[in-house]
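Produce the complete structure using the sequences and hints provided.
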Amino acid sequence: MPLVLMIWIAASIAIVINARLELNASFDAQAQLMATALARVDNESIALRSLDWDPDHYRDGYLLRVTDANGTVLFDSHPDTRPFSEEERLEGNAGTDDAGWQISHFWTSGGRGILIARHENSADDLLGAIALAAILPLGFVFAASVIAPLVVVRSGLRPLTRLSRDLRQRAPTQLQPLEDAEAPDELRPILTSLNNLFQSIEAFLSRERQFVDDAAHELRTPLTAIKAQCQAIDATQLDPNSKRRFENILTGVDRAANLANRLLDQARAEQPQLGGAPDLSRCDVDVVLRRTVADLYPLAEARGRHITLSADNTVPVICRAEDVADILRNLIENAVKYGGSDIRVALTAERITVSDNGPGIPVEAQEKVFERFYRGAETSAEDGTGLGLSIAAALARRNGMQLTLTSMEGGTGTQFSLYFPKGPDVAGV
Amino acid sequence: MRVLLVEDDALIADAIEVTLRREGFHVDWVADGLSAEEALASSAFDLVLLDLGLPGQDGITLLRWLRGQGGHNAQGKQIPVIILTAREAVENRIEGLDLGADDYMVKPFDMQELMARARAMIRRANGRAVPALEIGDIILDPAARTLRKDNTLIDLPPLAFQVLQVLLERRGRVVSKDDLAQVLYGWDDGAESNTVEVYISQIRRRLGTDLIRTIRGIGYVIDQ
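From first to last, the protein sequence lines are chains A and B.
Just so you know, this note's numbering puts 377 at position 377 of the first sequence, and the rest follows in order with no gaps.
Just so you know, this note's numbering puts 1056 at position 56 of the second sequence, and the rest follows in order with no gaps.
The set of hints was computed from the structure by calculation and includes no laboratory data.
For glycine and all other residues, C-beta sits at the position ideal for the given N, C-alpha and C.
Careful: at least some of the hints might be erroneous.
Claimed, not checked - Stretch by stretch, here's where chain A covers chain B in the computed footprint (C-beta under 8 Å, at least three residues):
(1) 1005-1014
(2) 1018-1027
(3) 1131-1144
(4) 1159-1172
(5) 1215-1222
The structure is reproduced here in structure tokens:
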């Protein structure tokens, strides 16, 4: 607004000055003409130094002819212009080669004739000159009043554009406060509110995590008591029937304890990495992979499965080794439990694949396998908690990796692929 | 053997106490850190089973105090401590072991395993030899660094001996090439896991090819 006001004032001043210059010039010309005529009538002339004389200037617009009683011309401002006839004088206008004239003709009491003719369009010329002088500043005002708001609005919106870009680029778990040091005053309340919101979400999330952590921990204590009490029974004193019941209780306790552990794993895997990237480092995935396969090999053999491993890649990947080990453990355990007799694990530059030749996963179930507590139709609560793949997917996300599933029905098996992050940098989540 | 059990949960403490008694231990049970301090100050124990989540003074504080004042058993050796905890976070574990705990068990633990570890701790604290590892007619004595087959001493180069010992200690488990290389060279050397094959073949030449099974591309195992 102040800008537009300033332009308006400047333009008004410019118009006034221009109009004044034009009018002054016109009045100067008339003054010169009259002074010259008065001098010439008495057979004198204007001393050049008494006037800022411009011989052309004084002819501007006005024609003045003075004659004495005999008709002798005493003064003629435009000697080149033909004399006007009696008729023209009476009519009050005449046309010559270069212009039309408005004529006023007077007789003095001494018999002198005074003829004053004005260019027909001298008023228009003056008006035109003044208008022309006004158009330029007015045009400038107009242009400025259109462009200025655009520029102002655009630059005023820039912080907002930047803010929305920042927000768009954020992962849902990035809750660090927004930078408000350079923000304009108008944005500050919004930034403060957003930061307060982030803070309370973060507090909420950490309360949630703490709750799951505490809950899993609190669950373990009574489970430990049950298990310890069961195992404190001298099993040699039991009859076979009681012994079986007793072992079933232990199995149930172990299952509950396993669930508590998995819940804890899930809560940890989904933990946002506050303040940027998690503690990632270069890790030799081939070593991690060999160790995980080695750990699970006896379990697989006991179930009659055969694992083959091919590891082409020895290029380190930026990730958390423990997370990758957990993901692979989940995938291979799944393959051992639900897949066929052959499990193939392969490491290439882009990914790790775990494939089996089992029955495959029906298409309608494929999207659900990564959901929490989802179990396939063939599986029961005894097999697992239904959290394994959901934990694996969360861990993958946290390391900037992607876990995908391809499965064909009808005995061609299931393949899970863990894609490594692209490029040397890993995003925070 | 006298064991101090520091555990605030009565049900858990009762079960551990009963089992330890049946195994022939003498058990003193206290439910909080300050009582544990008193007990440790007034009597000599061979082992402490320590719950970390104690009311009042917690287990870590007690452990720090115990290692600070240098608690000893009747033979003047440092008292071994096994930590029992429901928190499995790695930081907790590291803190406990850094403060001088000898072992760490996450609840719910297996009672038989707790007993086995308790016995092993006491044995080790008393400086008794590590038991020999046996499989069939092969006996490897880690303390004496001797290997016998059919009661005949067999000469095995030191690194191959180490490989055999690791595989025997982890019998029934597949040990990856990388882990074997790590045992031999440590992490820093960027160990060539291929050299492990050399030691495996040295062992096979002396003890036969059936003992160690190769899991192709993964590692080696001595089956149960």
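Note to self: Name the hints, by number, that the structure is in violation of.
What the structure shows: Structure breaks hints 3 and 4.
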